[in-house]
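*Asks:* Below are the chains, spelled out letter by letter.
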Amino acid sequence: MPVEIDIAKVAKLARIALTDEEQETYGRQLADILEHAARVQALATDGVKPTSHPLTMVNAFRPDEVTGSLPRDEVLAMAPDAVDGYFRVPKILDEQ
Amino acid sequence: MTWEAVIGLETHVELQTASKMFCGCPVDFGDEPNTAVCPVCLGLPGALPVPNEQAIEGILSIGAALNCTLTESSLFYRKNYFYPDLPKNYQISQYTFPLCLGGHLDVDIDGTVTRIGITRVHMEEDTGKSTHVGRSGRIQSADHTLLDFNRSGVPLVEIVTEPDIRSADEARVYGTELQRIVRALGVSDARLEEGSMRFDSNVSIRPSGSTELGTRTEVKNVNSLRSLHRAITFEIERQIEVVESGGTVDQETRHWNEDLGTTTSMRNKEESEDYRYFQEPDLLPLHIDVSWQERVRAALPVLPAELRNRYRQAGADARTAEILVDGEGLGPLFEEAAVLGADPRAVGIWLTGEVISFTRTAETAVTTTPLTAAHLVELSEMTADGRLSATAAKEVLTAVLEGEGAPGEIADARDLIQVSDVGAIETEVDAVIAEHLDAFEKLRAGDPKTLGFLTGQVMRATGGKADPRVVQELLRRKAGG
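Heads up: the protein sequence lines correspond to chains P and H, in order.
The opening position of the first sequence corresponds to residue 11 in the numbering used here, with each subsequent residue numbered one higher.
The opening position of the second sequence corresponds to residue 1177 in the numbering used here, with each subsequent residue numbered one higher.
Just to be clear, a hint being listed does not mean it is correct.
[Unchecked claim] Among chain P residues calculated to face chain H with C-beta under 8 Å, some are: (1) Ile-15; (2) Arg-25; (3) Gln-33; (4) Thr-35; (5) Val-58; (6) Phe-71; (7) Pro-73; (8) Asp-74; (9) Ser-79; (10) Val-85; (11) Val-93; (12) Tyr-96; (13) Pro-100.
Hints are computed from structural coordinates only; laboratory data are not their basis.
From the three backbone atoms N, C-alpha and C, an ideal C-beta is built for every residue, glycine too.
Build the full structure now, drawing on both the sequences and the hints.
*Replies:* Here is the structure:
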């Protein structure tokens, strides 16, 4: 069954600029994936226990302990721009 | 037409755990930006989150205190959006299957109790802090945003109410009570001005009596319970004005401006929000089994509403009971003194008067002062049997707080003991009557003004130490009244 997908919207939400050709390619691939999911969805699953996660484990916690942080110089060195210990990014409100 | 407001509140509470929600960075960071960050809370590729068990305990206690169902199976989700203070481009949150569902909180306004439904309480992580730097303040011309990720990943609990709130007053009382509960649980200091507790209000109006919901706006940026009240009041009035002048309310987010006392529209670039929630694949499901749920409920402290009831049963009035709950250490002192036989009314007046003003001035809690329940009992007895006047009792109380000793010692040292011995006072009364026969004749003739005059004379003769109640009683009796 064909699945309609608004590839332009998906790309915009993900902040990915796609050429028309890429939109066509990825649109088709995504539609295939959704179509596969739709086929699985259509299977008769009566009597199958619902699965919320592929692993059967639950509750992997850590104790509330401070284990340390990274040196700030190293952290800021990874960023394109930093000032006075802050990351600096282009202003937010008028982006795009 | 009369209008009714329909309000729902979303409250964010930062949990004061030692470490962050999904990594071992400290929560208690100083002012230095980006000093409590690591691959997990910076969203570096390949870093894996692991939930903090203490934070899970914290949210469960909030849910239990709000009478929620603690859900047995719960999941983390990714809430996807782009904003620079969110380094992963998604926030780990909960969506369907939150940890706590369907509770309530009762708010009491002057004896009228309204039940506010709690839709859900879910676990998420806080974002970083962004500071927008304007053109004017900088030499480098371009406007930009500075980011500090110390707060990124701090455990954050979101508490969502049903649209059950009908006025700004109810919203404030709900907020105040929620803050008390969170503090009583010891999971957060819940300070609005510092952002460890934040309120977003969904406000709409409808004709009174209608059951339909109007278009709502979401009001953000209140940083005190007072501004929560002001912002909602303003927003209700604004919406009524819009509708009554023939307009319609837009569904939008509005920003409360504390200085102007108004809300203004926050135009969002994104046409519509689409968070594309999906289950967080890096985290396992949570399973809170019944024994864990029971342990959480059993470990709850006595909550503010119950404390208020207890204090009222011990003899405090409604206002006093509220102050006793809010003032650190006041309630236990009141209860202990009442149990030991002190007059609860007098103790209530002292604790909410002299004691609070002393601790406020000293910027301390009553628990750090020398005042004990035994002192209050002694003071209560001395007042009841007439040894101390109400004024002298307050002076003695302040001296106790200042560490001068026990009430009896202080009253002696300061010569504040009233003479209540009728025989001793009667001698003075007779002397005064002999000296002011005219006035006494007037009193006998039924002139009430002379009673005050004669009482004053006796007080003067005794250096202010006679119990004025005894003096007046003697004068009336002698005048045959």
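*Asks:* Confirm or reject each hint.
*Replies:* Hints, verified against the model:
Interface restraint check for Ile-15 of chain P: the shortest CB-CB distance to chain H comes to about 13 Å, outside 8 Å, so the restraint is violated. Against a cut-off of 8 Å between C-beta atoms, the interface hint on Arg-25 of chain P holds, since the closest Cβ of chain H lies about 6 Å away. Below 8 Å, beta-carbon pairs count as interface contacts, and Gln-33 of chain P has none with chain H, the closest being about 18 Å; its hint is therefore violated. Violation of the interface hint for Thr-35 of chain P is found here, the shortest Cβ-Cβ separation to chain H being roughly 21 Å, above the 8 Å cut-off.
Because the beta carbon of Val-58 of chain P sits about 17 Å from the nearest beta carbon in chain H, more than 8 Å, this interface hint is broken. Checking Phe-71 of chain P against chain H: minimum C-beta separation of about 4 Å stays under 8 Å; hint holds. For Pro-73 of chain P, the suggested interface contact is upheld, since its CB lies about 6 Å from the closest CB of chain H, less than 8 Å. Satisfaction of the interface hint for Asp-74 of chain P is found here, the shortest Cβ-Cβ separation to chain H being roughly 3 Å, below the 8 Å cut-off.
A hinted interface residue such as Ser-79 of chain P counts as satisfied when its beta carbon comes closer than 8 Å to some beta carbon of chain H; here the least separation is about 5 Å, so the hint holds. The restraint placing Val-85 of chain P at the interface with chain H holds, with a minimum CB-CB distance near 6 Å, inside the 8 Å limit. This hint holds: Val-93 of chain P has a C-beta 7 Å from the nearest C-beta of chain H, less than the 8 Å allowed. With a least beta-carbon distance of about 4 Å to chain H, the hint placing Tyr-96 of chain P at the interface is held under the 8 Å criterion.
Because the smallest distance between the Cβ of Pro-100 of chain P and any Cβ of chain H comes to about 6 Å, under 8 Å, the interface hint for this residue holds.
In the structure shown, a violation is registered for the earlier hints numbered 1, 3, 4, 5, in ascending order.
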